[in-house]
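Protein chains: 2
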Amino acid sequence: MEEKNLQVVVIGGVACGPKAAARIKRLNPEAQVTIIEKGELLSYAGCGLPFYISGQIHDYKELMCTSTGVVRDTHYFKMVKDITVYNKTLAESIDRKNKTVKAVEISTGKSFELKYDKLVLATGGEPVIPPIKGIDLKGVNFLSTVEDARKIRDQEMYLKGKHAVIIGGGLIGIEVTESFVRQGMKVTLIEKMDRVLPALLDTEIAYHVHNELQANGVNLILNDSVVSINGDDQGNVKSVTTQNTQIPADLVLIAIGTKPNVKLAKEAGLTIGPTGAIAVNELLQTSDTDIYAGGDCVENKNVINGKPIFAPMGSTANKHGRVIADNICGRKSIFKGVLGTAICKVFNMNIARTGLTEKQAKDGGYDFITILNPAPDRAHYHPDAKLIIIKLIVDKKKRNILGAQIVGPGDVAKRIDVIANTICTGATIDDIVSSDLAYAPPFSPALDNVIVAAHIAQNKIDGITKSISPIEVKSKIDNNEDFILLDVRSPQEYEQIRIDDPRVVLIPLGKLRESLDKLNKNKEIIAFCKISLRGYEAQRILEGAGFAHGKFLDGGVICWPYKKIINE
Amino acid sequence: MEEKNLQVVVIGGVACGPKAAARIKRLNPEAQVTIIEKGELLSYAGCGLPFYISGQIHDYKELMCTSTGVVRDTHYFKMVKDITVYNKTLAESIDRKNKTVKAVEISTGKSFELKYDKLVLATGGEPVIPPIKGIDLKGVNFLSTVEDARKIRDQEMYLKGKHAVIIGGGLIGIEVTESFVRQGMKVTLIEKMDRVLPALLDTEIAYHVHNELQANGVNLILNDSVVSINGDDQGNVKSVTTQNTQIPADLVLIAIGTKPNVKLAKEAGLTIGPTGAIAVNELLQTSDTDIYAGGDCVENKNVINGKPIFAPMGSTANKHGRVIADNICGRKSIFKGVLGTAICKVFNMNIARTGLTEKQAKDGGYDFITILNPAPDRAHYHPDAKLIIIKLIVDKKKRNILGAQIVGPGDVAKRIDVIANTICTGATIDDIVSSDLAYAPPFSPALDNVIVAAHIAQNKIDGITKSISPIEVKSKIDNNEDFILLDVRSPQEYEQIRIDDPRVVLIPLGKLRESLDKLNKNKEIIAFCKISLRGYEAQRILEGAGFAHGKFLDGGVICWPYKKIINE
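Those sequence lines, one after another, are chains A and B.
FYI, in the working numbering the residues of the first sequence are 1 to 568.
FYI, in the working numbering the residues of the second sequence are 1 to 568.
Here chain A stands alone, though its shape is the one from the complex (with noise of 0.2 Å):
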């Protein structure tokens, strides 16, 4: 197993690179392990970036340092690891034929060749540049490297104040929201489509995610496309001018995407994917036996539904690294895809997804349902409670969990990781619920969020339950359809906040048996309370009694991501 004299290059030396070359030289110590870094830096945390221009992160070589402080520099990996990096060196070409690389150290123009047996190619990501105007001015950045973090970091000192936009509401658009609100700026965010997260999330748990930046005084514009970045007489930038307005800007993070770095792949004449990325078969090898690729820079397959996806993501670039090391030493590994699982926060609120979007599954012709669970995301009565809502999207036929998405200031990390988990063994929504997960008050309710939406989407599934998304209810009203919104909670609630909709009649759970009579058993009705527990108990009544059409609204008043009207 212990191949003498074994020569290995990797290319990139981040994270999928520096992991994949410390287990080879671990399995296999007589191995001749090199990196090339186009970068001075190794083996850094990128996903810690929108951390460091927070603030929250004081030195930029933290970011850098294992976890007992050491910083993993050059001569760390030739002293501990005995692994040689050249950095600020590119790798310019591929001769797979005389298996070598060509590499040109980039401040002194010196080129030279590396031998190698097996190559690993873990390239990275590099941000998409949108084709407007102004990209070159300054102030306009993109974040994808330390360097670009630390040129961010820079500017801001100066801005507190001052207003910074944000083009592109995805995860990094997000994370760093919040890092130009902390340090002082005024920040308005655009997306151009309906909602941020587009990819990740469904409209209904986009909405809290709206509502917590607005909270914080975000200017949020959707539905929205940026024309043109503008700047004055010294190129500094000004403002930005999108297709319907104009905002000032004293920076500009440009965050519209990801894309994989495979110029060198594609010149080696590696097969590329159809997202683009390099394509690898399940050992992590490229259409060349003998080149490994992994991070940021390969496409993935589906844990779902088997289909190639780009889904870059520190997690994966690191189990890559293992993946490729152990293949290259001799030890069969297979590397088993992806959910596209993705997790963060913005302010206050948590938000975490998993697999399929409704979108998703709908596009891809699955049957299925979804399902809402607001709840307290441990005992209610416990002072540490915070709610979350768990949106569930579960195959009917299969009864597996297709995508689930989370949102609340509550732990939904905890949350999404049982979900991924159980997708990832093949389980269904009757397996969790059998699951023994760790009950006590500070930790999680008597049953857990997930057992309960799970229960509430067998209920769906079994046709216990009858219940519409908000979404279906949304266009009923649109529709102008004739139905009674039946919210059965309390008075005082109902003057609190409710669903500003003429359809709307108010008979409190605790009244509905007595009050019957006054309801038209013919009529469609949903019933909805806070988050549903009684909207379920008035749709049995209902049910009980006789009437035809009654349904309740899945998650309630609280899910509602549509008018209502707040007095609080």
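Heads up, some of the hints might be wrong.
As the list claims (entries may be wrong) - Selected chain A positions facing chain B (in silico; Cβ < 10 Å):
#1 62
#2 81
#3 84
#4 315
#5 316
#6 318
#7 319
#8 334
#9 422
#10 426
#11 438
#12 462
#13 482
#14 514
#15 517
Said to hold, decoys possible - No farther apart than 25 Å at their CA atoms in a straight line, the calculated lysine-lysine pairs in the BS3-like style are these:
#16 A/336 with B/115
#17 B/476 with B/362
#18 B/97 with A/336
Unchecked claim - Over the 12 Å line for every Cβ pair with chain A, so calculated as not near, a few chain B residues:
#19 114
#20 231
#21 322
#22 468
Because the hints were derived from the structure by calculation, they are not lab data.
All C-beta atoms in this analysis are idealised placements derived from N, C-alpha and C, irrespective of residue type, glycine included.
Knowing the structure of chain A, use the given hints to seat chain B on it.
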């Protein structure tokens, strides 16, 4: 499926009982459902009692509310759920032949009979009462019901600065320790075994709980049993005498365990299992198929080994309630069993566990390895990152997790849930490493602690790493064996804290390759660092250099539960 006029009697109104009753009414609104409860209060959160005692929950009624603040009293059950409740009523006997329950109203002594088609026993548990002198003294308490908690709360207000003694270091004892400290009492905790939570944790994990208790001023007494509780002339408790000492006591809590309340079941001739709890099949039927039982009065199947286990838990009781309701209403539903998952918090330490302990695995004849993974719970550079230590017990051949214990100030809840979920789905450590868990710096390291723990286990089982547990090293020390404890940290780290043993040799990892000639190639060398990541590197370097007996110490200095020299 909806049998008309089905008569269901439920005995027990706390967790499983009301859950079963409510779902039966939802599945079959025509059913006549009656609950008999001996206490006044219904459907309360027994697990919340320590947080009421601590003062974190101000009004005990909060423990009886729905999450929207509605008190679940007899009126609520009637009006909202159409369920008749007889509270302050004792179920005296079951006539299985005539299918009736005889009950008596406690205040009046009036008795009556209820007919049933299906009967649900949810009679709960009760505290184990030790056979010692003085348990009837004023100031001696148990904690099982809201009434118990109110009694303790009434005493607390006079006891600031006074002495509380807790007998029993189980879950309740540990939780109430913090409650009493929060109330300003001087607390002594007495546990007869060598560690707290002895049925739940192994030595090297319990060690950290001991440190946390002592750091918060708790007088922790281990390996000692209470002989008597002593009072004054007025019958007030004054002290506790153990085999080794005497401790002043103004308040005593006895928390040596919970036993199932099986009196009614036993007298009715139902089968009692080997654990002393009611035996049920996977439909939760007792030996009489018309009588179901659930909650703290029944025994469960341990998912790991298929054996009966008594593991009373509010989460399980709620799951039972739902399964019972489904089966009574003709919807076949199976309860798959439990893992004995538990979690608790004491001061700033979170403690969680699932499955078998190392001792249980050994006693069960399993061929297993153990690993320790101490690491920050999120990206180490994130300001919220805190330590957690994961111990895994993994079957060598099947590669499934037999048990896990996690301790630390960081997020243990998420990790125990992912592990418990993995075990419940039948997945292995090789499945976990592929799990697409959510990553962002405020939530987890790039490779989540659970994935890294699985990697460590893979390495150990596959022979890539050779490591040794603290417990094994301690036994070598106790046997006066000759070996080297190779500390590969920096001199600064060594100065701050180190293992107190003459076998310790310090060679920082960066200098190891050039210092190999200082080490005897034939001696056993056990390398370690703070967490044993560098220890692992050191072991690989030694192996690469031809050392025959290199190992690393699982978990490093952080996990070493024996003598350390500390200069902080």
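Legend entry - Structure versus earlier hints, numbers of those that do not hold, lowest first: 3, 13, 15, 16, 18 and 21
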